[in-house]
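Protein chains in written order, with the UniProt record's numbering: chain A, 1 to 92; chain B, 1 to 92; chain C, 1 to 92; chain D, 1 to 92; chain E, 1 to 92.
In case anyone wonders, no lab produced these hints; they're calculated from the structure. Fair warning: this is a prediction, and the values are worked out from it, not measured in the lab. Just to be clear, a hint being listed does not mean it is correct.
Copies of the same chain are indistinguishable here, so a pair counts whether it falls within one copy or spans any two.
Said to hold, decoys possible - Calculated cross-link-like contacts (lysine to any residue; reagent style SDA-like; alpha-carbon spacing at most 25 Å): (1) K70 - G50; (2) K18 - S84; (3) K18 - D83; (4) K23 - D86; (5) K23 - R9; (6) K18 - D86; (7) K18 - I41; (8) K70 - M32; (9) K70 - G31; (10) K70 - R9; (11) K54 - R14; (12) K70 - E34; (13) K23 - A67; (14) K70 - W87; (15) K54 - S37; (16) K23 - G8; (17) K54 - G33; (18) K18 - E36.
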Amino acid sequence: MYMGVVIGRVTATRKDDKLIGTKLLITQPIGMGESESGMPIIAVDTVGAGVGEKVLYVTGSMASRAAADKDAPIDAAIVGIIDSLDWERQGG
Amino acid sequence: MYMGVVIGRVTATRKDDKLIGTKLLITQPIGMGESESGMPIIAVDTVGAGVGEKVLYVTGSMASRAAADKDAPIDAAIVGIIDSLDWERQGG
Amino acid sequence: MYMGVVIGRVTATRKDDKLIGTKLLITQPIGMGESESGMPIIAVDTVGAGVGEKVLYVTGSMASRAAADKDAPIDAAIVGIIDSLDWERQGG
Amino acid sequence: MYMGVVIGRVTATRKDDKLIGTKLLITQPIGMGESESGMPIIAVDTVGAGVGEKVLYVTGSMASRAAADKDAPIDAAIVGIIDSLDWERQGG
Amino acid sequence: MYMGVVIGRVTATRKDDKLIGTKLLITQPIGMGESESGMPIIAVDTVGAGVGEKVLYVTGSMASRAAADKDAPIDAAIVGIIDSLDWERQGG
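So that you can see chain A by itself, here it is in the shape it has in the complex:
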């Protein structure tokens, strides 16, 4: 899984039927010390995440396991809202 921060939302009227009703959140990957790195992805929210929240997301085929419709074409899903990150070193 990966750490990310929700930075926005995507609206797409014309989409795959199995994505209808899903909440598509623009999620920025974060690393050490919550630094931002890499391209934002679009993850299906499954735990009620909101913009600005730090989240845990899963990618690849495992993501569809967290979705309401297990057959949906989903390769990224938010599966947790981070309470705390206990880093064990400087810069964490």
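Given the coordinates of chain A, work out where chains B, C, D and E should sit on it, guided by the hints.
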């Protein structure tokens, strides 16, 4: 999933039988503020996307779920046409 | 899927039984304007591609769908020979 | 699989039901000579790893095979604690 | 698949039961002209590869197909020992 913009189309007469009839669109990944980054990929269109449109695409084995032929060797599919991107920060 | 150009061939006598008889082509990923970027991969040819040809290849578990032996440990397969790339912008 | 070092832990009260009870460890990928490179990931511990330990982790759908709940949405799991790395060259 | 060179070996006493008995080889990805690039990975040997040998390895879920235990959490496996690389251009 990822955000991209359709920038062209691939024609390949000699191809896997299960790809016959698919529309193969050259798709450039986009990030924050719709900046372009990384290599263009070839995604199978499943929602009627056209050149210049901003799209949502899925990669890996999940992509074949969006295809007409669920057994096709497809690892990238366009599954939505983006209406709007509601960024919640500068540069979005 | 990805665009690539075939730049060579691998010979490996000692290999997994399910790879026996496969044609293993060294394939260089190409991007905008057919610029080369990233590491070459080894893709199983399934459409009769030759050195110097521009090809379409699929990666991950979907690649084995294009192979003769659907149970083979294959994570990259050439599934099309590109006739034309219709770019809709400069530098394409 | 990949080599990593455990550098912290994530707490997430609101998460997918199938992640309840899992230990989510922040894991920094390491390379040659145990140099650190790339973004830290979040891996489910399956072998009793602790902070500071060098570990072996698996990614993608294979990770869920190591988890207690084989249906959990897990794409990274720690599957070994490294005793020794026998490099066969300088800088290893 | 990818080209690599075996540069060492990992020993991990505490590991997933399904990894017991596997040979875990530190494998450095190689590219054009056998240049080294990217992080070394840990691949399960399935063809008797040794340190210093150039190998062909598969990643992702397809890797477990080459393993003795098809249910093992394996995302990288050496599936061939390279005899020759026939490059069709300079620097190959």
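K18 and D83: within-copy, between-copy, both or neither at 25 Å Cα
Answer is between; shortest inter-copy Cα gap is 18 Å, intra-copy 31 Å.
Within a copy, between copies, both or neither: which one fits K70 and E34 at a CA-CA cutoff of 25 Å?
neither (31 Å within a copy, 30 Å between copies)
What label fits K23 with G8 when the C-alpha limit is 25 Å: within, between, both, or neither?
within (11 Å within a copy, 29 Å between copies)
Please work out whether the CA atoms of K70 and M32 approach to 25 Å or closer within one copy, between two copies, in both situations, or in neither?
neither (32 Å within a copy, 29 Å between copies)
Within, between, both or neither: K70, W87 at alpha-carbon 25 Å
For K70 and W87, neither the intra-copy (34 Å) nor the inter-copy (28 Å) Cα distance is at most 25 Å.
Homomeric proximity label, K18 with S84: Cα distance no greater than 25 Å
Cα proximity of K18 and S84: across copies only (20 Å, versus 33 Å in one copy).
Homomeric proximity label, K23 with R9: Cα distance no greater than 25 Å:
This pair counts as within: shortest intra-copy Cα distance 8 Å, inter-copy 27 Å.
For K23 and A67, with the copy left unspecified, which applies at a CA distance of at most 25 Å: within, between, both, or neither?
both (11 Å within a copy, 22 Å between copies)
If the cut is 25 Å between Cα atoms, do K18 and E36 qualify within a copy, between copies, both or neither?
So K18 and E36 fail the 25 Å test inside a copy (31 Å) and across (28 Å) alike.
Intra/inter-copy verdict for K54 and S37 if alpha-carbon distance must be at most 25 Å:
both (14 Å within a copy, 22 Å between copies)
If the cut is 25 Å between Cα atoms, do K18 and D86 qualify within a copy, between copies, both or neither?
between (37 Å within a copy, 22 Å between copies)
At most 25 Å between alpha carbons: which applies to K23 and D86, within, between, both or neither?
between (29 Å within a copy, 13 Å between copies)
Figure legend: structure checked against the earlier numbered hints; hints not met, in rising order: 8, 9, 12, 14, 18.
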